[in-house]
Amino acid sequence: MASELTKDRLLQAYRTMRTIRDFEDRLHADFATGEIPGFVHLYAGEEASATGICMHLGKDDYIASTHRGHGHCIAKGVDVMGMMAEIWGKKTGTCRGKGGSMHIADLSLGMMGANGIVGGGGPLICGAALAMKLRKLDDVAICFFGDGASNQGTIFEALNLATVWNLPAIFVAENNGYAEATSSKYSVACDNIADRASAFGMPGVIVDGFDFFAVHEAAGEAIERARKGGGPTLLEVKLSRYYGHFEGDQQKYRAPNEVAHIKEAKDCLTTFAKRVTGAGQLTQAELSAIDAEVAALIEESVRRAKSDPKPAAADLMTDVYVSY
Amino acid sequence: MARKITYQQAINEALAQEMARDSSVIVMGEDNHGGEGSPGEQDAWGGVLGVTKGLYHKFPGRVIDTPISESGFIGAAIGAATNGLRPVAELMFVDFMGVCFDQIFNQAAKFRYMFGGKAETPVVIRTMYGAGFRAAAQHSQCLYSLFTHIPGLKVVMPATPYDAKGMLIQAIRDNDPVIFMEHKMLYTLEGEVPEESYTVPFGEANVVREGDDITVVTLGRMVHLADQAAQAMQKNGVHVEVIDLRTTSPLDEATVLESVERTGRLVVVDESNPRCSMASDIAGLVAQKAFGALKAPIEQVTAPHVPPPFSDALEDIYIPTVADIQGAIGRVMEFRR
Numbered sequence: 061m062a063s064e065l066t067k068d069r070l071l072q073a074y075r076t077m078r079t080i081r082d083f084e085d086r087l088h089a090d091f092a093t094g095e096i097p098g099f100v101h102l103y104a105g106e107e108a109s110a111t112g113i114c115m116h117l118g119k120d121d122y123i124a125s126t127h128r129g130h131g132h133c134i135a136k137g138v139d140v141m142g143m144m145a146e147i148w149g150k151k152t153g154t155c156r157g158k159g160g161s162m163h164i165a166d167l168s169l170g171m172m173g174a175n176g177i178v179g180g181g182g183p184l185i186c187g188a189a190l191a192m193k194l195r196k197l198d199d200v201a202i203c204f205f206g207d208g209a210s211n212q213g214t215i216f217e218a219l220n221l222a223t224v225w226n227l228p229a230i231f232v233a234e235n236n237g238y239a240e241a242t243s244s245k246y247s248v249a250c251d252n253i254a255d256r257a258s259a260f261g262m263p264g265v266i267v268d269g270f271d272f273f274a275v276h277e278a279a280g281e282a283i284e285r286a287r288k289g290g291g292p293t294l295l296e297v298k299l300s301r302y303y304g305h306f307e308g309d310q311q312k313y314r315a316p317n318e319v320a321h322i323k324e325a326k327d328c329l330t331t332f333a334k335r336v337t338g339a340g341q342l343t344q345a346e347l348s349a350i351d352a353e354v355a356a357l358i359e360e361s362v363r364r365a366k367s368d369p370k371p372a373a374a375d376l377m378t379d380v381y382v383s384y
Numbered sequence: 002m003a004r005k006i007t008y009q010q011a012i013n014e015a016l017a018q019e020m021a022r023d024s025s026v027i028v029m030g031e032d033n034h035g036g037e038g039s040p041g042e043q044d045a046w047g048g049v050l051g052v053t054k055g056l057y058h059k060f061p062g063r064v065i066d067t068p069i070s071e072s073g074f075i076g077a078a079i080g081a082a083t084n085g086l087r088p089v090a091e092l093m094f095v096d097f098m099g100v101c102f103d104q105i106f107n108q109a110a111k112f113r114y115m116f117g118g119k120a121e122t123p124v125v126i127r128t129m130y131g132a133g134f135r136a137a138a139q140h141s142q143c144l145y146s147l148f149t150h151i152p153g154l155k156v157v158m159p160a161t162p163y164d165a166k167g168m169l170i171q172a173i174r175d176n177d178p179v180i181f182m183e184h185k186m187l188y189t190l191e192g193e194v195p196e197e198s199y200t201v202p203f204g205e206a207n208v209v210r211e212g213d214d215i216t217v218v219t220l221g222r223m224v225h226l227a228d229q230a231a232q233a234m235q236k237n238g239v240h241v242e243v244i245d246l247r248t249t250s251p252l253d254e255a256t257v258l259e260s261v262e263r264t265g266r267l268v269v270v271d272e273s274n275p276r277c278s279m280a281s282d283i284a285g286l287v288a289q290k291a292f293g294a295l296k297a298p299i300e301q302v303t304a305p306h307v308p309p310p311f312s313d314a315l316e317d318i319y320i321p322t323v324a325d326i327q328g329a330i331g332r333v334m335e336f337r338r
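Protein sequence lines correspond, in order, to chains A and B.
Just so you know, we're using our numbering here: the first sequence kicks off at 61 and counts up by one.
Just so you know, we're using our numbering here: the second sequence kicks off at 2 and counts up by one.
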């Protein structure tokens, strides 16, 4: 509940969500100029999920992310400067320009990587959680995946394994309604992804992904149970993405004004601000100050990313093996 | 004379010694002990052919049976390797890579490069390969060339009990993902194996037999057939050098090239199917880098380009034989421009 969050934590939540939003909005604008290489999948609209969940985590807790991974990275504390440089293909990037948008990772922060393979993270998270259990740590491992990945065999195998081994693992299905251009109403055979939890012997919980407080509370319960040895949870976060599957996607498969209506009625930043200012927990001036700081941070990250050096030709051949 | 044990015992001993030395080493796979969750005996199997038998009781909690769920548990071994463990996962038959290959080649093999050199994935995937067991098309393939194709993986294939122990210990201590290929027909092979722990480095081929007339490059179980062929040719006055590659990734190019520079003749013996194989890889390497030394076309002795058959009448002619190798050596020796 909101009352359980201190003022500092509320400010942190807002800052994280605002940073993700501005990061993604800026990429959307810069991608349109043709300067950003490859393709990017933006997380704008889904900020409450990554933020509400990762606020419960420390650097020894692990997360595995998806192709739409920028928000998870930022919420897990990955350096925004390094991320922007990585997406611009620069040597100063988080992965020295070798990963790009879909492979940003920082294992020192428990960020196992965005993942270019849909459903790839499920088994990996089981392994991270198995290591935590065998090493008698009270850390947890979290697998973020989408409605598309919810139909992959790797996710089914991982859900089963997590219960069989009673792992401290949480499976977070971020159901934004579309796997690429295909509706989850078509591709997911049951009404809710969370309904599948009972088949794997774990609790399934549905939460409103536009509501930071709802996500934070549901995730808190699941994470606390996992830390105490109570096993895995499947958490379905229902939300929406504001941009296309990737940049350049015209989203003709969506209803006219679908995104505009969602933004107006449910936007996670707007509803958060309204709630905390309405309750007198934070002032608009405090939020505006964060807005200004984040805008400056993103501006600086782009300025640096543009001017930073690209990897040298010799970098092509390094980092394949630890020992050659 | 040193103690003799089997290839299978050598693998078991390597696992036991490494598990005793390093508590972060765990063993996981289908029926690696056997009996999990059942009312009867635990360690009922010790692996489908008993290779991991006995480890379960020696190392409580560190030999983990898995569901038949290869993507799940191979991926879990990889994930655990990024978080402080050194798992040795068993993919029962290499043919089953078809259901878990993404975790191996898109995840484990890519982490280090994709993450800018900041990840280590010290996982070993032990797997059984090869024909001769009348196990047919889905339990008899070699497939090591598929792993060898992938940068980021190391691929090792011991031919002897000595190498099996030393290379498995090396694999467990290595900080990169290692595919450890065990030929199912070699498990009962006996050989001299020191009782103490030792390692065999990767990327160093073994010159099994020295000779100056012709080079035979081979690997895995074929090392023994090639050596028999070489021994037979010796009686005809042909001195064959037999090179066991031991690891296909990294590859010891220097030993191969030095030998062919000296002999001018090459036969490659590879149990796998011929297209895009280790045989074609070594032939290509020599054609490119030792062309001037060649006195005859390179011959490849491989299985034909068909799946492994079931019937003994067919499998026996599918697998390269000593006679096939002798025939190839003879043709290369007799070649005249």
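Hints are computed from structural coordinates only; laboratory data are not their basis.
Treat the hints with care, as some may be off.
Claimed, not checked - Distance condition first, Cα-Cα at most 25 Å in a straight line; then the derived BS3-like pairs of lysine-lysine:
(1) Lys298/A x Lys334/A
(2) Lys196/A x Lys290/B
(3) Lys288/A x Lys196/A
(4) Lys312/A x Lys298/A
(5) Lys151/A x Lys370/A
(6) Lys366/A x Lys119/B
(7) Lys59/B x Lys370/A
(8) Lys334/A x Lys312/A
(9) Lys193/A x Lys59/B
(10) Lys119/A x Lys59/B
(11) Lys323/A x Lys288/A
(12) Lys323/A x Lys312/A
(13) Lys193/A x Lys290/B
(14) Lys59/B x Lys151/A
(15) Lys67/A x Lys334/A
(16) Lys67/A x Lys150/A
(17) Lys150/A x Lys59/B
To be verified - If you want the footprint, here are the derived chain B segments under chain A, 3+ residues with CB under 8 Å:
(18) 60–68
(19) 171–183
We put the beta carbon where it would ideally sit given N, CA and C, even for glycine.
Checking one constraint from the list: CA of Lys323/A to CA of Lys312/A, max 25 Å. Satisfied?
holds (18 Å)
Taking only the CA atoms, is the gap from Lys366/A to Lys119/B under or equal to 25 Å?
The hint holds at about 23 Å.
Mind checking the alpha carbons of Lys323/A and Lys288/A for me, to see if they're no more than 25 Å apart?
Status violated; Cα separation ~38 Å.
Taking only the CA atoms, is the gap from Lys67/A to Lys334/A under or equal to 25 Å?
holds (15 Å)
Run the distance test for Lys298/A versus Lys334/A: straight-line Cα separation, threshold 25 Å.
holds (21 Å)
Holds or violated: Lys334/A to Lys312/A, with C-alpha atoms at most 25 Å apart
With Cα atoms ~32 Å apart, Lys334/A and Lys312/A exceed 25 Å; violated.
Quick one, are Lys150/A and Lys59/B close enough, alpha carbons at most 25 Å?
violated (50 Å)
Restraint check for Lys193/A with Lys290/B, where alpha carbons must lie at most 25 Å apart:
Outside the cut-off at roughly 51 Å; violated.
Would you check chain A against the segment 60–68 of chain B, counting CB to CB pairs closer than 8 Å, and say if three or more residues qualify?
holds (count 5)
Check whether the Cα positions of Lys288/A and Lys196/A lie no farther apart than 25 Å.
holds (11 Å)
Within a Cα-Cα threshold of 25 Å, do Lys59/B and Lys151/A meet the stated pairing?
The given pair, whose Cα atoms are some 48 Å apart, is violated under the 25 Å limit.
Restraint status (C-alpha distance of Lys119/A to Lys59/B at most 25 Å)
The given pair, whose Cα atoms are some 34 Å apart, is violated under the 25 Å limit.
Figure legend: structure checked against the earlier numbered hints; hints not met, in rising order: 2, 7, 8, 10, 11, 13, 14, 16 and 17.
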